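Student: Quick note, the sequence shown lines up with residues -22 to -1, 1 to 239 if you use mature numbering (1 follows the signal peptide of the UniProt record, and there is no 0).
These aren't lab readings, by the way, just hints derived from the structure by calculation.
Given the structure is predicted, the values throughout are model-derived calculations rather than measurements.
Among the clues, some could well be false.
[What the hints assert, rightly or not] Below, simulated PhoX-like cross-link-like pairs (lysine-lysine); rule was C-alpha separation at most 25 angstroms, straight line:
#	residue 1	residue 2
1	Lys14	Lys80
2	Lys202	Lys124
3	Lys124	Lys77
4	Lys73	Lys14
5	Lys124	Lys161
[Said to hold, decoys possible] Each pair of labels, with its calculated beta carbon distance range:
#	residue 1	residue 2	range
6	His219	Arg33	23 to 31 angstroms
7	Thr58	Thr84	31 to 39 angstroms
8	Ala92	Gly167	39 to 47 angstroms
9	Met194	Ala156	27 to 35 angstroms
Here a beta-carbon is modelled for each residue, glycine too, at the ideal position from N, C-alpha and C.
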Amino acid sequence: MKKLLILLLVTSLGFGFLSGRAASPAAERPTYFELKVYHLKTARQEALIDSFLQRQYLPALHAAGLPTIGVFKPLGNDTTADRRVYVFVPFTSLKQWEKVEKETTTKLLASGGAYVDAAYTTPAYGRKEAIFLKAFEAMTGLAAPKLTTPKSERVYELRSYEGASEKIFRNKVQMFNAGGEIKLFDRLGFNGIFYGEVLFGSKTPNLMYMTSFENMVARDAHWKTFGSDPEWKALSARPEHQHNVSHIDITFLCPTPYSDL
């Protein structure tokens, strides 16, 4: 665990010279996020994961001082071969992540249950993916969505932007931070939940962010407004901002009834 903590620190600071800013003191470090993705094959596995998250995992995180955990499923999740459950967990520091990970793992393994004690012949999930992110400088904390519709009607949009190289990727990160892209999202009411750089994941270098809407109609209207906004047109038209995203993945999600977000 200590080796992983050191590696996280090195990775998060390793390209600091490219951003044009000095490394922040430890006390000013941005928030960190962990995004877990459970890949499931059956309705039985999905029900088991739901039960584990609602009755064991989230209560354990709440008890550890993490009050706001997001749990989401893709729209149409029950009709796909690869059912997925996304669990979004924010941390104030790497030390908190290490402490919570150690304490909750010990507690959950000791408590047992259908998830923990699942046999190898009937596993609780197909695979579990983990993505670790560092919040962008322009958004160092977690923002809860300001939505009034029932959770079942909401649309959460998770986007992943990949860069062709570390240098080109930094250019897109700069657009979000100093370039004002996050501020533009805020001004247009996108209800951004998080914006962050992936430190560890399967598709680096890449960034991820999540916005939220009352429904799909509202989502489409917001993006139409964004695309025609003069500030965005000016920002995206600058020569230095061309070709700084090589691939985009978009996933539409809906929060579970027990999600804190």
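Student: So which of those numbered hints doesn't the model satisfy?
Tutor: 3, 6
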